[in-house]
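Below are the chains, spelled out letter by letter.
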Amino acid sequence: MMRWLRPVIITLGLMLLWQLIVWLTDAPHFILPGPLRVLETLIAQFPLLMKHAGITLAEILLGLLLGTLLGLISALSLVTWGGLRRWLMPVLVVSQAIPVFALAPVLMLWLGYGMASKVAMATLIIYFPVTAACFDGLRQTPTGYLQLARTLGANRRAQLLQIRLPAALPAFGSGLRVAASVAPIGAVVGEWVGSSTGLGYLMLNANARMQVDLMFAALMVLAVMALALYFSVNLIARRLTPWLQESTSSTTRGDSQ
Amino acid sequence: MEIRIEQASLHWQQHCVFTDLNLTLPAGQWTSILGQSGVGKSSLLQLLCGIADDADIRGRIQCSDGLPLEGRVAWMAQQDLLLPWLSLRDNVLLAARLTQSRSASTEQRELALYLLQQVGLGERADALPAQLSGGQRQRVALARTLFQDKPLVCMDEPFSALDAINRLKLQDLAAELLADRTVLMITHDPLEALRLSNRILVLQGSPASLSAPLLPAGATPRPVSDPQVLQQQAQLLTLLAETVT
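Residue numbers (the UniProt record's numbering), protein chains in the order written: chain A, 1 to 257; chain B, 1 to 245.
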């Protein structure tokens, strides 16, 4: 019961705090609109908001898919070919020194004002966390598992597919969770830099026209979307590793090493 | 099949742990090696299993049938090493899953279930390892070792992570299920060696050497209350304590 009630109470509490700030500072509605006013706008402008939200969601999901796939492939290549690791790892680390946001205008220039540049932003921003998490997971297979696999006569391919890959799933899950929480940032920043659709565009546009209530409504939609995305990814990650839930609830956790 | 290790030597950080070591594992007998930690007994076992990559160990291995030993050893470690994402049945079937491209045959699945029944876990074939206690998990590891059905079974302190009662139960079970097989067991527990083995060797000293084999009489598993077992346990403990200075 409390499990379902708690998010509702937290939401209501935050709304109340928001309203209190509005009352205390006596801010005009074009500086800080109250939650009720924003809700009104949300309902009145619902079709417009949904149209833009759909675009942003598509960008986020495509970025998530591409970034995860690229990250997974990179991590697999890094563990499979030791020589590649020595050359590629420094490049990856250096690439992280360049802020992805700084690349946004260039991506606009190369890929245009459409969805492609935003998908590229989201992909780039999640690529490194996913690669790092998968790579660590694949490297840190308990040596006992691998020794056992060798005495059982497994070749390198079977070891990778049946031992190292499943053993890396928990790490992959955490990479995916990080990706789900940063991918929306990439997409929205991409929209801020230059676009004619999407929630980021709508927010910037509403702000410029002093429609602060619409800006907040878009922000709310974005927040709900990001939360929904995080929890779905979390659910998928847990489905991928059913043994983790059981071992944490069990007192006889005998996981070796 | 009799297995001989000749002129084995182990070096660790430029320090000679043992050299010129010879060991014979007679066919169908249970041989145990007792020794303190750091004396190289695990490395010796890993040499037989072909997984001694960290250790600088060398030695010639000869089988009485003249064929190489590679791929004919089943290994059971101190940790159960059950894969947490596989059911008990699939863990037992691991050798089949890892080496054949198609899925396990009906006979193999039946054999896995039969072996799980033998270790008393037949009803839990579809459970995940995390739902089991430490003793139960080691039973599954024993079933997995039996499923491999190899001419040599190497056990590296297989029951040392268990509590006293579970250890005794598992020793009984292992003695029953591994009867008439060629087994090499590494242990630091004299009682365990005395209950299960046909031959007991002590590896000690610096550089370490193997003692003359002790050949306990009577059928295994020997009861813990057997006066001869108790007497020899005291004897072995004294022998082992000598080297600790």
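What the hints contain is simulated information worked out from the structure, not anything from laboratory work. Just so we're clear, the structure is a prediction, and the values are computed from it rather than from any experiment. Ideal Cβ positions, reconstructed from N, Cα and C, are used throughout, including at glycine. Just to be clear, a hint being listed does not mean it is correct.
Here are a few chain A residues that face chain B, going by a calculated C-beta distance under 10 Å [to be verified]:
1) Leu5
2) Leu146
3) Asn155
Against the structure, the hints come out as follows:
no. : hint   : verdict
1   : Leu5   : violated, 31 Å
2   : Leu146 : holds, 9 Å
3   : Asn155 : holds, 8 Å
Hint 1 from the earlier list is the only one contradicted by this structure; the remaining hints agree with it.
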